[in-house]
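Trainee: Sequence:
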Amino acid sequence: MTTSPPTNGGGSPTPPTTTTTPAPPPRRSPTLCTLCALHPAKIRRPKNLQPLCIPCFLHTFETEVHRTITSTNLFTPGEHIAIGASGGKDSTVLASVLKTLNERYSYGVKFTLLSIDEGIKGYRDESLATVKRNAVQYNMDLRILGYAELFGWTMDEIVSQNNASGRGRDENTKGGSCTYCGVFRRQALDRGAELLGIKHVVTGHNADDVAETTLMNLLRGDVARLGRGADILTKGEADGIKRSKPLKYAYQKEIVLYAHHRKLDYFTTECTYSPEAFRGSARDLVKGLERIRTSAVLDLLRSGEAFGRRNPAEVPATQTPPPPPARTTPPPQKKKSPPPTTTTTTNPQPAAAPAPPASRKCAPSR
199 MTTSPPTNGG
209 GSPTPPTTTT
219 TPAPPPRRSP
229 TLCTLCALHP
239 AKIRRPKNLQ
249 PLCIPCFLHT
259 FETEVHRTIT
269 STNLFTPGEH
279 IAIGASGGKD
289 STVLASVLKT
299 LNERYSYGVK
309 FTLLSIDEGI
319 KGYRDESLAT
329 VKRNAVQYNM
339 DLRILGYAEL
349 FGWTMDEIVS
359 QNNASGRGRD
369 ENTKGGSCTY
379 CGVFRRQALD
389 RGAELLGIKH
399 VVTGHNADDV
409 AETTLMNLLR
419 GDVARLGRGA
429 DILTKGEADG
439 IKRSKPLKYA
449 YQKEIVLYAH
459 HRKLDYFTTE
469 CTYSPEAFRG
479 SARDLVKGLE
489 RIRTSAVLDL
499 LRSGEAFGRR
509 NPAEVPATQT
519 PPPPPARTTP
529 PPQKKKSPPP
539 TTTTTTNPQP
549 AAAPAPPASR
559 KCAPSR
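Residue numbers (my numbering): 199 to 564.
Simulated from the structure, these hints should not be mistaken for lab results.
A quick note: this is a predicted structure, and the numbers were derived from the prediction, not measured.
Backbone N, C-alpha and C fix where the C-beta goes; we use that ideal spot for every residue, glycine too.
One or more of the hints may lead you astray.
Said to hold, decoys possible - Derived DSS-like pairs (lysine-lysine); straight-line CA-CA distance at most 27 angstroms:
| no. | residue 1 | residue 2 |
| --- | --- | --- |
| 1 | K240 | K297 |
| 2 | K245 | K297 |
| 3 | K397 | K308 |
| 4 | K440 | K330 |
| 5 | K308 | K433 |
| 6 | K433 | K287 |
| 7 | K240 | K287 |
| 8 | K451 | K330 |
| 9 | K287 | K451 |
As the list claims (entries may be wrong) - Pair ranges (Cβ atoms, derived):
| no. | residue 1 | residue 2 | range |
| --- | --- | --- | --- |
| 10 | L247 | G486 | 10 to 20 angstroms |
| 11 | W351 | R491 | 37 to 47 angstroms |
| 12 | L462 | L393 | 19 to 29 angstroms |
| 13 | V381 | T466 | 17 to 27 angstroms |
| 14 | P223 | T470 | 49 to 59 angstroms |
Could you build all of it, start to finish, from the sequences and the hints given here?
Mentor: So this is what it looks like as structure tokens:
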């Protein structure tokens with residue numbers, strides 16, 4: 199039995215259908231690193247969107263910190279410097295980079311880790327364990343001082359007392375925990391440096407921190423602090439102690455990338471009381487601006503620097519101007535004018551109507 203081929207209704211056989219597989223799209227060659235042009239780019243820098251490979255990114259990050267240190271003469275050979283270490287990403291990256299640069303460029307300085315225990319249970323006790331590991335990893339001395347040792351209060355006790363007085367529940371004073379802690383921390387760093395005989399403390403403040411501080415001072419109308427908050431080198435509260443920010447021009451996102459690719463050991467949990475801080479609102483504003491404009495962080499930082507360069511005499515005064523000086527001679531007396539003369543009429547006549555204006559002829563047009 200033979201089978202006839204299928205027909206298309208008119209009696210003619212239907213041609214067989216052939217299916218063609220679409221050709222795969224051409225493979226795009228990977229983007230090469232813009233610095234070495236040898237390795238594929240793995241990172242697009244948040245600061246300028248430059249595609250880099252991992253080795254070039256790490257070296258570029260370290261080189262920029264080195265330029266910041268040398269261009270501002272932060273360090274002096276033979277100097278003993280304390281690194282404010284909290285166990286977080288910023289201070290851990292700072293300690294790692296400074297150790298690398300000190301060995302690479304022969305700064306000739308000695309670094310000691312100085313950590314402050316605020317007395318926040320469940321947060322600081324775990325981060326201090328990270329700091330102790332970092333001291334071993336970087337072969338640095340470590341000194342830990344606590345609020346209870348220096349001031350007789352822990353941060354948990356301060357917050358509890360603040361809430362008991364009702365200030366912690368007041369919307370106008372809510373978030374004051376970070377205000378107390380910031381003041382105590384600065385004083386603790388200075389006191390710890392004095393105990394160690396150190397005159398220079400470096401902290402892990404980065405470009406995002408400086409931009410947020412500039413925005414916060416601007417929103418508060420604090421003109422005096424606008425410039426000081428952006429300074430890379432400031433004076434401590436104790437005599438003869440200075441503070442500096444070697445990571446001032448480093449983006450926070452790049453600090454995270456550096457810590458990740460260097461496989462650094464750092465603590466990531468946020469402080470228990472930080473969600474109530476005003477800085478969190480400023481951080482959200484800065485992140486929103488950065489999504490629209492990549493250079494927003496550095497723009498705010500440069501604005502703070504510009505305020506710092508202003509002449510203090512140019513800053514508008516907010517106080518009431520002083521009263522004018524008292525007169526030493528009596529003011530001149532004005533001459534009295536004679537009273538106006540009035541005339542009365544027995545039969546007043548009505549005022550004449552004004553004459554109509556004379557008709558004006560227009561000049562003929564040319």
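Trainee: With a cut-off of 27 angstroms on the C-alpha distance, tell me whether K433 and K287 pass.
Mentor: Holds, at about 25 angstroms.
Trainee: Please check whether W351 and R491 have a Cβ separation lying inside 37 to 47 angstroms.
Mentor: Between W351 and R491, where Cβ atoms are some 43 angstroms apart, the hint holds.
Trainee: If you draw a straight line from the CA of K308 to the CA of K433, is it 27 angstroms or shorter?
Mentor: holds (20 angstroms)
Trainee: Starting from the hint 49 to 59 angstroms, judge whether the C-beta atoms of P223 and T470 obey it.
Mentor: Holds, since P223 and T470 (Cβ atoms, about 51 angstroms apart) stay within the stated range.
Trainee: What's the verdict on K451 and K330, does the C-alpha distance respect the 27 angstroms limit or exceed it?
Mentor: Roughly 25 angstroms separates the two Cα atoms, so the pair holds.
Trainee: Does K245 pair with K297 here, judged by a C-alpha cut-off of 27 angstroms?
Mentor: holds (24 angstroms)
Trainee: If you check the beta carbons of V381 and T466, does the distance land in 17 to 27 angstroms?
Mentor: Cβ of V381 to Cβ of T466: about 26 angstroms, so the range 17 to 27 angstroms holds.
Trainee: Check whether the Cα positions of K240 and K287 lie no farther apart than 27 angstroms.
Mentor: The given pair, whose Cα atoms are some 21 angstroms apart, holds under the 27 angstroms limit.
Trainee: Between the alpha carbons of K240 and K297, is the straight-line distance 27 angstroms or under?
Mentor: holds (26 angstroms)
Trainee: Hey, K397 versus K308, does the alpha-carbon distance stay inside 27 angstroms?
Mentor: holds (12 angstroms)
Trainee: Between L462 and L393, does the C-beta distance stay in 19 to 29 angstroms?
Mentor: holds (28 angstroms)
Trainee: Between K440 and K330, does the CA-CA distance stay at or below 27 angstroms?
Mentor: holds (25 angstroms)
When each numbered hint is compared with the structure, no violation occurs for any of them.
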